[in-house]
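Please work from the sequences and hints to get the whole structure.
Here is what each chain is made of, one letter per residue.
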Amino acid sequence: MAELTLHQTIFALVTSLLAFLFVLELVRRRRLREEYSWLWLLTAGLMVVMVAWYKLLLVITRVVGAVTPLNTLLLCAVLFLFAIAVHYSVIISRLTTQVKNLAQEQALLAMRLEERRN
Amino acid sequence: MAGDGGAADGHGGGRALKPLVLLPAFNESARVGRVVAGVQAAVPDATILVVDDGSSDDTADVARAAGARVVRLPFNLGAGVAAQTGYKLAVRESFDCVVQLDADGQHEPADIPALLAVVAGGHADVAIGSRFLGGVAYHPGVLRRVGMGLFGWLAWLLTGVRFSDVTSGFRAFGADVVRFVATEWYPTDYADADVLITLRRAGFRLREVPVRMYPRAGGRSMHAGLRPIYYVFKMLLSVALAPLRREPAERRGA
Chain S
1 MAELTLHQTI
11 FALVTSLLAF
21 LFVLELVRRR
31 RLREEYSWLW
41 LLTAGLMVVM
51 VAWYKLLLVI
61 TRVVGAVTPL
71 NTLLLCAVLF
81 LFAIAVHYSV
91 IISRLTTQVK
101 NLAQEQALLA
111 MRLEERRN
Chain H
1 MAGDGGAADG
11 HGGGRALKPL
21 VLLPAFNESA
31 RVGRVVAGVQ
41 AAVPDATILV
51 VDDGSSDDTA
61 DVARAAGARV
71 VRLPFNLGAG
81 VAAQTGYKLA
91 VRESFDCVVQ
101 LDADGQHEPA
111 DIPALLAVVA
121 GGHADVAIGS
131 RFLGGVAYHP
141 GVLRRVGMGL
151 FGWLAWLLTG
161 VRFSDVTSGF
171 RAFGADVVRF
181 VATEWYPTDY
191 ADADVLITLR
201 RAGFRLREVP
211 VRMYPRAGGR
221 SMHAGLRPIY
231 YVFKMLLSVA
241 LAPLRREPAE
251 RRGA
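Which chain is which? The protein sequence lines are S and H, in order. According to the numbering used here, the first sequence is numbered sequentially starting from 1. According to the numbering used here, the second sequence is numbered sequentially starting from 1.
Simulated from the structure, these hints should not be mistaken for laboratory data. Remember, it's a predicted structure, so these values are computed and weren't measured experimentally.
Incomplete in silico selection of chain H near chain S, CB under 8 angstroms: (1) Arg69; (2) Val70; (3) Val71; (4) Arg72; (5) Leu73; (6) Pro74; (7) Phe75; (8) Leu77; (9) Val81; (10) Gln84; (11) Thr85; (12) Lys88; (13) Leu89; (14) Glu184; (15) Thr188.
Ideal Cβ positions, reconstructed from N, Cα and C, are used throughout, including at glycine.
Set out below in structure tokens:
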């Protein structure tokens, strides 16, 4: 099993940490709501853990049958992104229903108001 | 069959009916006026509601001038959502039943009493106007016929009921059904065959009634361009998922 080189470790650590801090900063400045940030933070956090705790990464690599630890990192990143995308689809579906109900409510109220005026 | 029973004057099944005639409309200013007039002639004591689904033309003004009540959705939300807006109003103002038909003149308002009679007489909870039961010729294109055959077969597979016309937008709902379709159980996204299956699985009794069907008097059909392909895909998906969803029956009447 090919080792994760120091070069790769540093790069992976720095990028994951930056991603984590970037999301945190967005939440702090209230540009991103906490409820939509937790999956990003979890993703970046787990990437940091896997890179820093090399033994864990090796175990996971063996479990999933990947060739190198780097493959495992990539696979995890893709899976996390998939989870985040599905999470957003669920949120969008909920928002769609809420917008639909609001629009119907607004239309019915507007009609009632207009009919009362006449 | 059309016009049998005395439900037109609101006495089907012995009880007075308070029907709401629902016309979802999107950019139908050229046709909606004539349809409203036709409905007034067919069922003079019914309340007519036009739901304007965010039209960019003056559909709402034309419908109001013709004597209908008009709800205007703030933006286009699709025929299913427009129809459900009408169901919600029907629940709030306690109408006994809702008859729904297209605002583009494809359906014959004179067939409304026949649908009402079925619901009012207690013969069924849902009456569906079928283009294929009557003696009137209706010749859809090949693609449409294949699609309708496919959905008819799927609906039969899932409900055990043979529908001759699963994509009909001409239907009457009794009060219980109206309460049901005003909730989130109603599939607002391309609702025709989907709603039949949902209603059947919720335990409602469905019956088809022969109606006349005219070709569109101009304007753009909902089924144009790539839409039919998406439609087929969406229908297959929802038909396949319908039996896997939680039984709507447990919500019925709740």
